[in-house]
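Chains as they are written, first to last, in numbering that gives the first Met the number 0: chain P, 0 to 337; chain V, 0 to 421; chain R, 0 to 455.
Everything labelled a hint here was simulated from the structure, so no lab data went into it. Watch out, some of these pointers could steer you wrong.
Claimed, not checked - Here chain V is said to cover these stretches of chain P; the calculated rule only asks that three of the stretch's residues, wherever they fall, bring their Cβ under 8 Å from a Cβ of chain V:
#1 77–91
#2 109–122
#3 162–176
#4 180–193
Where is the CB? At the ideal position from N, CA and C, for every residue including glycine.
What follows is the residue order along each chain.
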Amino acid sequence: MKKSVFLGALTVAGLAASGAAAATLDDIKARGTLNCGVTTGLVGFAAPDANGVWEGFDVAVCRAVAAAVLGDATAVEFVPTTGKTRFTALASGEVDMLARNTTWTLTRDVDLKNEFVGINYYDGQGFMIPKSLGVTSAKELNGATVCIQTGTTTELNLADFFRANDMEYEPVPIETNAEAQQQYLAGACDVYTTDSSGLAATRATFETPSDHVILPEIVSKEPLGPLVRHGDQEWGDIVRWTLNALIAAEELGITSANIEELAKGTDRPEVNRILGSEGTMGEMLGLDSEWAKRAIMAGGNYGELFAKHIGEETPVGLARGLNAQWKDGGLMYAPPFR
Amino acid sequence: MTTDTDPPKESFRLSMLIYDTRYRSTTIQVVALMAFMLAAAWLINNTMQNLAALGKPVEFGFFSEPSSYDINQHILEYDSRDSHLRASFIGLLNTLIVAVLGCATATIVGVLVGVLRLSKNWLVAKIMAVYVEMFRNVPVLLWIVLAMAILIESLPRPSAFRGDNPDATLKLFDSVAFTNRGFYIPEPLFSRSLGDIHLFGQSSLRMDVSLDLLAFVLVLGLSIFAARKVTARADAIQNATGERPTTWYINLGIIVLPTLGLLIAMGFHVGNPELTGFNFQGGIHMRNSLIALWLSLSLYTAAFVAEIVRAGILAVSHGQTEAAAALGLRPNRVMNLVVLPQALRVIVPPLISQYLNLTKNSSLAIAVGYMDITGTLGGITMNQTGRELECVLLLMLVYLTISLVISSIMNWYNNRVKLVER
Amino acid sequence: MSDTHAETVSYVRETMLPEQEPPVTETGVIGWMRENLFSGWLNTILTLLSIGFVYYVLSGLLPWVFQSVWNAESLDECRQIMKATWGETHGHACWAVIKDRWLQLLYGFYPPYPFAPDATVDAPPPEAMLPAYFRPNLTFVLLFIALAPVLFDRAPRKLLIVTAIYPFLMPWLMWGGSLWFPLGIAAGFVILYLVISMGQVRLGSLLAVIAGVIAALLWWSVIMGYVTAGLDQVVPISLPSVESRQFGGFMLALLLGVVAIGLSLPIGVLLALGRQSDLFIVKSLCVGFIELIRGVPLITLLFVASVLLNYFMPPGTNFDIIMRVMIMVTVFASAYIAEVVRGGLAALPKGQYEGADSLGLDYWQAQRLIIMPQALKISIPGIVSTFIGVFKDTTLVSIIGLLDPIGLSQGIRANQEWNGIYWELFAFIALLFFIFCFSMSRYSMWLERKLQTGHN
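This is chain P alone, in the form it adopts within the complex:
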């Protein structure tokens, strides 16, 4: 009885078989699409538009990888995952990679058998509070009611922060950012805490953003990045170096505007190596020589993606800050393409 259900389901699914430990790259090529886990919706990072096309900063990473591997930035199936389901979706092979503002922690890396391939956004947990309350520091929050988004590291950081400072608080756990925003605006909590990128994005959509301040304290380190399963190093390498290519492209001045011209060959060897007119880096990864060119062309280099989805010109309005290139005082530092 179980068997027939199972068989029926399997057959209808068109036998979407893919070994969790098998070579992911071959599976993706055979399938023709990349399965990429994203959030169910976070302003600026991943959200579907009216036609069901996903957009955002995390989404752009998936598209770049798809462009590098399959040559088509639209050959991505986006799988919305919640904080609960994301790691299992990855472990079970339902998605090939997660680009879902996930904090890189030891437990997640080691115990949950994931492999973080890099960091696409350096974040930290902050607090947002209405200006009218007159609070200027997180140390003054004793007794406050705090809205937290659950299923993240946020609630742990919060517990640690208040405990370390010997303060009381009333946590209000909330599943989604949209819900949290509503409760915060209605005054059901005094403070909203989440990653400060999320805070800025949320504040930007308020009717009067200037009525709310983001407190200066950042209580945690939240390096967010894409991740893949343990056990398939080759695939991990591809995602890692696609991300690095995007970051390096900004550093080297490769933009979607000038990439065609640069690809014809320049006198800068590293640019040539990235764009495939010199060396065999693509072959080393198991791809062709133009992989990085396609990845960059999919949406632009790291700086362009940042500006387009979450930069200061967008409603989200994030400054580069820690996410500037190392040359500009930030932490974005791609290892050399050599």
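Mind docking chains V and R on chain P? Use the hints.
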């Protein structure tokens, strides 16, 4: 009672396992059992292989690790240094709280609505019909989310109570505050408290039981027992002499005086909520996640209960009502003494499954951030430790146990009220 | 006698008086109101309270619903229009979000023109011959045609052919792919039937059933793959395929409900029979399964679907989350259907069983010819209400990240244009659910009444 006088003495053949009805049922059973065990073994084997491939052995050691998260509503002491097991236990208590509150409210509202739906007043009957249809035909998850949204949007925030000329004030002689963070109601305090007893030492199940509460319950119980005796004696006198002695003032005295004395002896007074800092302090804080969940679950279930009650009342034959009316009973006494007791027999079995449904639906608490067992064990604990198999299986076991306990209690009750037939 | 009477009294009326109109207070609107609304002081108070309550609710709700904005691109624009028109942003709905996203709420990300995945409703591909969303719409309409002979006595019996075909047609229309595939699955059932009916004489019913099941399983798991692949080479008939993760919105809720109930019916019947049977082990297995499933909330089963089911399968198999949710919802529904069918079995008079025995029918013949047709018929109202329950419960899948209407509403609110919108989406979703569930419950009540009169 077989008519065969002389059963054929044939030797046992293998085919008899299938063709002989004496053996066939055994064969089928053995085959079924083997198939089941094979399937189970297959599933377990797969799971073990998969877990081994992931390097995640099944073990429950993580339960004694510190949970590292806070739970806002904890009726027993708890902080983020306590273990995951303790956190799950607190979550379980929260589940039970909302389930008990919800079942009680759903029954009261449901019976009321069910009776009012049969009211002769057209408008009232129609409004009740609209209520029932509205709640039955929209998913409970939507109601929970909507109830939460309504509480948050329509009630004043605590800061509205501040200042010389506040927008909102405390209700009921400055003792109750309705805010969009929940309701703050007065709490009972004892200036000469008897203290607590600590049970279960330092284990995850440790709990403090207030001796004040115990004493109160004990005295009240004894008083009610005594009052029952007085009533029984009055019944006996009435049966013997036909005259019933007036007992209500004795009963009242027996129930009220000792409890009142006890409360005075323990120095009972009421602690009102007060606005200090960001929030109200003091008093009992009923968070709006609890209220939203309680309200929506009980209103949703009450719509089903109302239908059950209505069907139960309609199932009582009309002759019963007419006979009662012919005896000269007033309509409300007809309802209370004749119709409802009979309807109860029809009502109780489906009511049991509604209680079970409500308890199971309370797992939707995560939609409003109420930290029940699904929110702790199946939520943050599962999330932070990544032990899905252990957490989900344990979660199912907990719910299964709760369901079995509820249904056995209610079945016992059902057997008591059931009509004893000849 | 009459004249003595006439003589003793001074006046006798000799003609009948014409019928008088009843007093105004007893008829018409006033009489009705007196009887139904103001028949006593308690009733009068109740009525006045109710009127006040209704007024209070409607006075808040109606302006919100009707003084609303329908044409806007974003919530900001909505608010500007509200400010310009009414001078305030509160108390007015912004239905523009529904206008913008209603197709998404209904169909999720299902492509309107599956052969051209990038085409949208506003920009249909030039070669499109059928209207947008033709496939899901057709599936939906066919659902009613397939259900008609089951649900209504008066529907033509020939429609039962559609009912028989539908379970194989539906997945093909929704998911697409090769036509040979559903045909292959259907052929398995034909094989099952043929083996059983032919083997009945030679092997006896039990062995025939076992042989049939083995033959069918062999066909499905081994032979069918080659045959369909071969046929595909020769006569390729296929629809553009649609990934199940593109399913969403109401379509997903309905699909989950229909698939779960459809698959759980046979399972539920078997479980109910097992629970009624005299075989101790079979009975305990069935009781254990039913009580286990009914004892846990659906959300834990959905957790199983989302995080555990892949662990239970052989390493290497993997099917997507919608499939896994369908499996678990089916498991959930079959336990409830089993109880409904058990109720139907219990409601049959004992004479029916004894009658079947006295005719010399064996167990399966009795079930097939006498018991089940009657028991299932009595169970239809229960099955419909189970369906309503499962349909409502499909909203829970939003908790594990599927894009049902509630899940989609979160996605819509995460979009920059509509960030901050709330009531309108939920009102729309609630209304759609209400329409569906209300009409189904009306049907089930109608059927119950009809079955009741049929009984006596």
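Hints, verified against the model:
1. 77–91: holds (count 5)
2. 109–122: Since 3 is at least three, the answer is holds.
3. 162–176: Held - the stretch 162–176 of chain P has 8 residues with a Cβ nearer than 8 Å to chain V, which meets the minimum of three.
4. 180–193: Holds: 7 residues of the stretch 180–193 of chain P have a Cβ under 8 Å from chain V.
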